[in-house]
Structure formats: structure tokens, C-alpha cells
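Asks: The listed protein sequences derive, respectively, from chains A and B. Just so it is clear: in the first sequence, position 43 is 70 by this note's numbering, and no numbers are missing. Just so it is clear: in the second sequence, position 361 is 550 by this note's numbering, and no numbers are missing.
Keep in mind the hints are simulated off the structure, nothing from the lab. Even for Gly, the Cβ is constructed at its ideal location relative to N, Cα and C. Be a bit skeptical, because a hint or two may be false.
Short derived list, chain B residues pointing at chain A, Cβ under 7 Å [stated by the list, open to error]:
(1) Tyr381
(2) Val692
(3) Thr696
(4) Val699
(5) Lys704
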Amino acid sequence: MEYTRFEIARIIGARALQISMGAPILIHVPEDLIDPLDIAMYEFKKGAIPITVKRKAQ
Amino acid sequence: MKMTELSLIWKDKLENVDRLRMNAPVYYAVDFEIKKELELPVYGYITLKGSEANYRVKITEIKKYEPMPGIIKKTTKKLQTLLKIEEVQDIAAIPLSEFRKEDGTYLKRVTKFSYGMIEEEKEIKIKKFREFTPEEKELDENVRKKYGIALPFSVIEKLVKVKEELELNKKEWDKVIDKVVEKYKKRRVDPYEAVGIVAAQSIGEPGTQMTLRTFHYAGVAEMNVTLGLPRLIEIVDARSQPSTPTMEIYLKEGIREDEEKVKEVAKKIESTTIIDVADVITSVADMSLTIVPDSKKMEGRGVKIEDIVDSLSKLKTYKLTVELSEDRIKVRLPEASYKKLYLLGESIKTLTLRGIKGISRAIVRKSRDSSEWVIYTQGSNLGDVLDLEEVDGKRTRTNNIIEIAEVLGIEAARNAIIEEAINTLEQQGLNVDVRHIMLVADTMTYNGVVEAIGRHGIAGEKESVLARAAFEITSKHLLTAGVLGEEDHLRGVAENIIVGQPVTLGTGAVTLIYKGKKR
């Protein structure tokens, strides 16, 4: 499934919030990656975020 | 197809035809009785206006009416017969005068129901939407299979055309399709994107650069046309009469090349009233009206003094005595009354001698590529102009959108809105993507009638109370909603903002769920 840009934004946003509140990071990230948002984006790129979207009708 | 056989003709409503078409094959209960024995299957013709057959239906069964589930009823009462309708076909309209009754005479009008035969040699044209050619179909299927998307009809059509024109081989052809699909995907709008807002901004911003003045542009050949922002507002407001209605009338081959013939037609179109060719003098002394024709003006408009006298007989409300003497026409009322004399004077002034109502001027000019003569008019009357034999209806146009909707239908009106808006913007040197304007045109016409954008049109018809209240006249909407006990399902944008919820647009419309680990 291809995500729309809104869905990508939501997923990364939700994950970044979790990370910023202290959630464990799921994959190894480069050490200089500090910002929760950057980490969430990195995770998303690697497909590591365990979040998806529910669409109305498919 | 045996067409000499007796068929049924009845008058029906468009809404019933649509129901039949959607549900066929279906039983249709009608309010007339079929007494004759007919050999099945039999064809039925449906007329909408009573003067021409617009649809043909195939009937495979005729029986007495009895209530049954799943039948379609023509009316609510006095149902007599059940017809089994197999299919409904759109046919090119056949005048009912081409149908013969059993006694050999021809039909005139059908108000309810009649039997009739159609001449054998008469060809019946069934209207059909163009379907894919085999090649186009193949391409369509391949694209679906390979890329998982369906390209629009027009794109498929163009692709096949390009292939033939440029004589592409298989490899090049595949590359082209690849690129087209890529571009197409890129240009698609994501679900839940706020297209309306984007369209509003995209039209609104260039709008600020347009001339704000009610700007009458002195066009070529002494004609005025409203342009710029006033015209754009006019289009969006769906005014029943634009401030400067104009037409461009194109003519059929054989006439359009000859300036004289075209001028002849222009004279026929231009409406001439008495005041255009003569002075009307009211004389209270002997209670009479004197019409003094101006010979120069009459010659220019091609009117004779007899025409004026003839036209006076059109005034049926008065019994007039008309005297013609020395190029003057004296009109007298049977009784002396100042008021009536005044009223008569006014109605004589605006009496049409010839031409088409609403068209005050018609100018003949060379077309832009100067290959033919075109008539440009001030004032518009599409219906009557199209009725003229010399007119090429396919190219003739008007800037009166409502008139187009009435004469040619809602789809034509939609196209007219798009074209008029794009042209107005372009004349000011502004380029707006058509899709924004298409969206506006679609929202204005989806209902089947042309609606304005704004309080009286689209915005005033929103389902949600809060959305309407947020727009204009807040208290009135809230009050009536309270009186009627209206509900609001909070589906739109404005409602959700008022309530303080995320709106169902963009990221606000996404529902997140836990995916679980992939192992």
C-alpha cells in the first residue's frame, strides 16, 4: 500500500511524539540523530514503525 | 427487425424512463389498456414532449395489471397493464408525424397513448457512447495490469493516436506509456486534500490582479463586452442575464463565404423596433399618434413602410384605425383616453418589426482566421438563433450561461462556465490551471441546474446548520435550526472547527492503527 502524504505525516508525527516521551527506539539509529522527529523519519524510511492507517473503504 | 409491425407509443416522464433504464429488465405498470393482440416482442416508443419519440423500449410480455413486488409504476392510480420492458434505447428523435396509424393516416400528437407504425425504410439510430476500439481496449487492460491504475479515456485515446502518428516501435511505445503513467500518478490529488480551498486561492489570487473597475472594453467593431473581474463575478454568480450578452453566430457552408448573404442573415437576426426606424409623435389635440418613418434608417434596416402598417395589426389589445398618408402613419384610438393613448404610444415604440427578440444589434465581421464571415451580436437568444436554417449550430456560441443550460443542457453549461472563466482570466494575462475552474463549474452544475456560488447558491444549501451559520446570517440559520430541530452530523470542515475537533481533511482524516511486528 502506498501512503498519501497526509498519512506519512500522521504516522511520523505519532511516532515522533512517542519517541519524544521516552519510547524505546526500535532499530539502531546513527548516534548523531538526536531529534525525535528525525529519528521517527529515519524509522519510517526503514519501515520500522509499527503503525499503519485504517482506510474507510477499499 | 420488422418495423412495419404495430408498436405502442406513449407519453412519459423522463424520471420514469431513467428508472426503467436503470432497472431493466423490469415490469412496468402503465395506465392504459392494450386491447389488440400484438405479436411479441413488440417495440414501444416513449415521447417526452408528445411531438417526437425519444426512447424505444423492447417489450417481451404484456399482461393485465396486478400488484407485484419489484414493478415500476407509471402513475400511482388507474394502472391497467403490465409491460415487461427488456431494454431502453436512446434513439435520435423521430417526429411522431412519421408514425402511421392503422387507418393509414399519420399521427400528430400523443397525449397519453396510441398505436402506430413506423415506415419500413426509416432507419432508427440508437445513440451510444463511443466505446474503446480493440487497440485502445488492449492498452487500457495492459496499463491496469502493469501499473494498477486506470488512465482516463482521453489519455488512452491520445496515446493510441500518438503511436500511429509517430510510428513508434514497441520499446519506444512502452517508454511513452511509462512516462505518461508516471506523470499521471504525480498529478493525481491525494485523498482528503482540500481541493476546494486550493481552487479558491488559485482563482482568488490572480483575481486581485484583474481590473477592479466595471470595465467595458471597447472591442473591435464598436461593441462592448464586460471583461475582467466583473465578468468573472458574473460567471460565478450565475446571473440569468450577463450585463453584456453577446453571440458569435457561425453560418453553414455556402453562405458563410459570401458577405452579402451573411448580411442578409444578419438583417434577419437583428431585431428592429419601430423606434429604430421612425419617430412616434403623440398629439393630444386630435387624440392621435403619428409615426414618422425615417427613410434613411428604413433603408439601412431593410424595412418598408408597409411592414410598419402590417406590424400594427399585431397590437390586438386595441382596435385601431390606421391611416396612411404621405409617408406618415396616423393611428387613432376608437375612444378618447389620455392614458390609453400614452400606453399605446409606448407599446408602438417597442413593437418588433422583424428579427429575433433580444438581439439589438448584429454586426458582420470576418472571423479571426478571416476564412469566413461571422455575425457578432449584442444581446443573446440562443434558442431562436439555432432555429434558423442558415446557422451552423455546432459552432455558434453565446456568453449567456443560463441560456445555454436551458437550450443545450447542463453539461453544455458546465463547459461554457469553464471556457468563459478561462478566457476571461487569459485575456488579463493570467494563467490558472483548468482543474480549479473545472471544480468550480462542477460544483455549480452537479445538481442539474446552474447554481451560484455564495449565499443564494451552493453555500446556502449546505447540509450542516453550523456550516451555514458560519458563512452568513448566523442568527437566522441558528434560529430556524432550533425551531425545526435540525441535526448536525459534524461531517464538514466548518462544523468541526466550531466544535474544536480536527477537521476531516488532510492529516485530520487519517486513522492510525497498530500494525504489529512483521516476522
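Asks: Hints numbered earlier in the text: which of these fail when held up against the supplied structure?
Replies: 2
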